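*Asks:* Chains as they are written, first to last, in the numbering used here: chain A, 149 to 345; chain B, 78 to 281.
Careful, some of the hints might be misleading.
[To be verified] Some, not all, of what chain A presents toward chain B, calculated at C-beta under 7 Å:
no.	residue
1	K169
2	S171
3	L173
4	S175
5	R177
6	T180
7	D187
8	G188
9	Q191
10	E238
11	Y259
12	A263
13	R282
[As the list claims (entries may be wrong)] Covered, in the sense of this in silico footprint (three residues per stretch, anywhere, with C-beta under 8 Å from a C-beta of chain A), are these stretches of chain B:
no.	segment
14	126-136
15	184-191
16	241-255
17	267-276
It should be emphasised that the hints constitute simulated quantities derived from the structure, not laboratory data. Remember, predicted model here, so these are calculated numbers, not experimental data. The beta-carbon is built from N, C-alpha and C at its ideal position, and this holds for glycine as well.
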Amino acid sequence: MSGEFTLLPPEVYCSFAPYWKDSVLYSKRYMTTILESEDGTEQRLGIASKPVRGESFTIQTRDQRQTGYIRRRLMKYVGHIWGVPIWPFEMIMSNSGEIGASFVEVYTSLYRQLASGEEEIIIVSDYETFETFRILGSTPTQITLSGELTQAWSQGTKIYPVLRSLVGMTVDLSPDTPEHTNIKMDFVESFRASGEY
Amino acid sequence: MAFTMYKQKYVFHLFPYWRRTPTDVMSKWTDDFSGMGYSTAEYIEDYPSYRTTHTFLLKNLQEIDEVNSMLDTFLGRLTAFWFPSFRKDIILTSNIGSSATVINIEEMEYSEFYPATPGSGRYIFIYVNRNKWFARKITGVSGPTVLDIESSLGEQVNMSQIKCVSFLYLGRFDIDEFEWSFHTPEVATIELVFKELPKEYALL
């Protein structure tokens with residue numbers, strides 16, 4: 149039996165930068181099974197050939213407008229696929245990106261686990277201003293995009309690989325004041341796909 | 078800091094972050110029976126299995142990527158590899174010469190307490206730094222303070238250079254989910270749980 153499947157792209161993006169005072173957690177789960185006899189002899193099985201990744205972090209909103217921005221998306225997109233920047237794998241644009249360009253230049257893209265194909269990056273200046281593209285290819289200093297930039301991005305703008313993921317079933321919104329809220333977000337990588345056998 | 082092999086198995090040689098206290102457990106395979114107020118225990122295996130937890134601090138994305146690649150290579154709990162205790166299990170009393178096949182140690186009742194079979198306590202790890210370390214098998218005892226090793230280190234190693242001489246264990250990770258805690262985008266800690274596989278020394 150064989151078939152072709154395409155991983156479904158994110159429907160919404162979590163573009164709020166994390167509150168770094170609480171650590172950003174990035175996890176990998178390998179799903180191994182161990183059969184163990186009474187004397188400790190083991191038979192180990194690997195179920196998956198690659199890990200399931202996850203990310204958890206806290207967002208701190210400054211006012212009700214920001215809190216509402218997230219709350220609305222949580223209400224509409226629970227159970228949908230989210231695109232979440234992998235915050236620790238930050239890249240910084242080494243040159244400005246012009247409208248219409250199909251690549252971006254960065255100081256370094258090494259050690260960011262970039263993969264071309266269905267993987268995406270997100271270019272972010274603030275939570276409401278961002279653009280996303282699939283990665284067509286990358287070198288240590290350049291990323292080729294699946295489309296053209298629709299807005300100009302200045303040197304120093306930050307770029308992140310995107311984790312295609314599902315948001316946790318419970319999201320904890322803890323207001324410190326009527327306006328200021330800490331939101332704990334948990335994401336687990338999604339392999340939801342469409343295709344045919 | 079690249080990971081390399083000893084006896085066809087990778088060695089997880091990263092030095093732990095000692096600010097987070099590690100934990101050690103030595104367990105023995107036993108069956109306990111109790112009834113009517115009496116109990117008895119049957120040892121299924123003569124030797125204990127060592128389990129330890131360490132936290133590691135990585136200071137840049139390159140180091141983090143190297144460890145991540147190893148986790149992918151090991152596929153979580155699937156693959157056996159070597160890990161040192163990173164304790165000063167053995168205390169040297171002299172420098173180790175480049176062609177020496179013995180090491181001089183403080184008396185530790187080695188021959189009485191460490192079994193003369195493959196397994197726990199039969200392999201040592203001499204740690205200088207993350208780029209220089211030596212793994213050797215203890216092949217015998219030439220006296221209460223002299224251990225024989227399978228081959229020389231190939232270079233003179235002075236006591237002042239050595240951070241620790243630990244036992245080296247063959248084992249695997251005892252967790253399936255690995256969580257990096259990024260304190261900044263470049264600095265992260267990870268807690269790893271290691272479990273010895275006493276039965277697998279025989280497969281070497």
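*Asks:* Does each hint fit the structure? Answer for all of them.
*Replies:* For each hint, the structure was consulted:
1. For the restraint placing K169/A at the interface with chain B, the shortest Cβ-Cβ distance is roughly 9 Å, beyond the 7 Å limit, so the hint is violated.
2. Annotation: interface hint on S171/A holds; nearest CB of chain B at approximately 4 Å, less than 7 Å.
3. The beta carbon of L173/A comes within 5 Å of a beta carbon in chain B, closer than 7 Å, and the hint placing it at the interface holds.
4. Hint on S175/A holds. Least Cβ distance to chain B is approximately 4 Å, under the 7 Å limit.
5. About 4 Å separates the beta-carbon of R177/A from the nearest beta-carbon of chain B, less than 7 Å, and the hint is met.
6. Proximity of T180/A to chain B holds as hinted, the smallest CB-CB distance being about 4 Å (cut-off 7 Å).
7. The beta carbon of D187/A is positioned within 7 Å of a beta carbon in chain B (closest approach about 5 Å), and the interface hint is therefore held.
8. For G188/A, the shortest C-beta to C-beta distance to chain B is roughly 5 Å, which falls under 7 Å, so the interface hint holds.
9. The restraint placing Q191/A at the interface with chain B is violated, with a minimum CB-CB distance near 11 Å, outside the 7 Å limit.
10. The interface hint given for E238/A is met, as the beta carbon of that residue sits about 5 Å from the closest beta carbon of chain B, less than 7 Å.
11. Annotation: Y259/A was flagged as interfacial toward chain B, and the flag holds, the nearest CB pair being 4 Å apart, inside 7 Å.
12. Violation of the interface hint for A263/A is found here, the shortest Cβ-Cβ separation to chain B being roughly 13 Å, above the 7 Å cut-off.
13. The interface hint given for R282/A is violated, since its Cβ lies 22 Å from the closest Cβ of chain B, which is over the 7 Å cut-off.
14. Chain A is given as covering the segment 126-136 of chain B, and this is violated because 1 residues of the stretch bring a CB closer than 8 Å to a CB of that chain, at least three being needed.
15. Requiring three or more residues with a Cβ within less than 8 Å of a Cβ of chain A, the coverage given for the segment 184-191 of chain B is violated, as only 0 such residues are present.
16. Only residues whose beta carbon comes within less than 8 Å of a beta carbon in chain A count, and the segment 241-255 of chain B has 4; three or more means the coverage holds.
17. Closer than 8 Å: that is the beta-carbon criterion, and the segment 267-276 of chain B has 3 residues meeting it against chain A, so the requirement of 3 holds.
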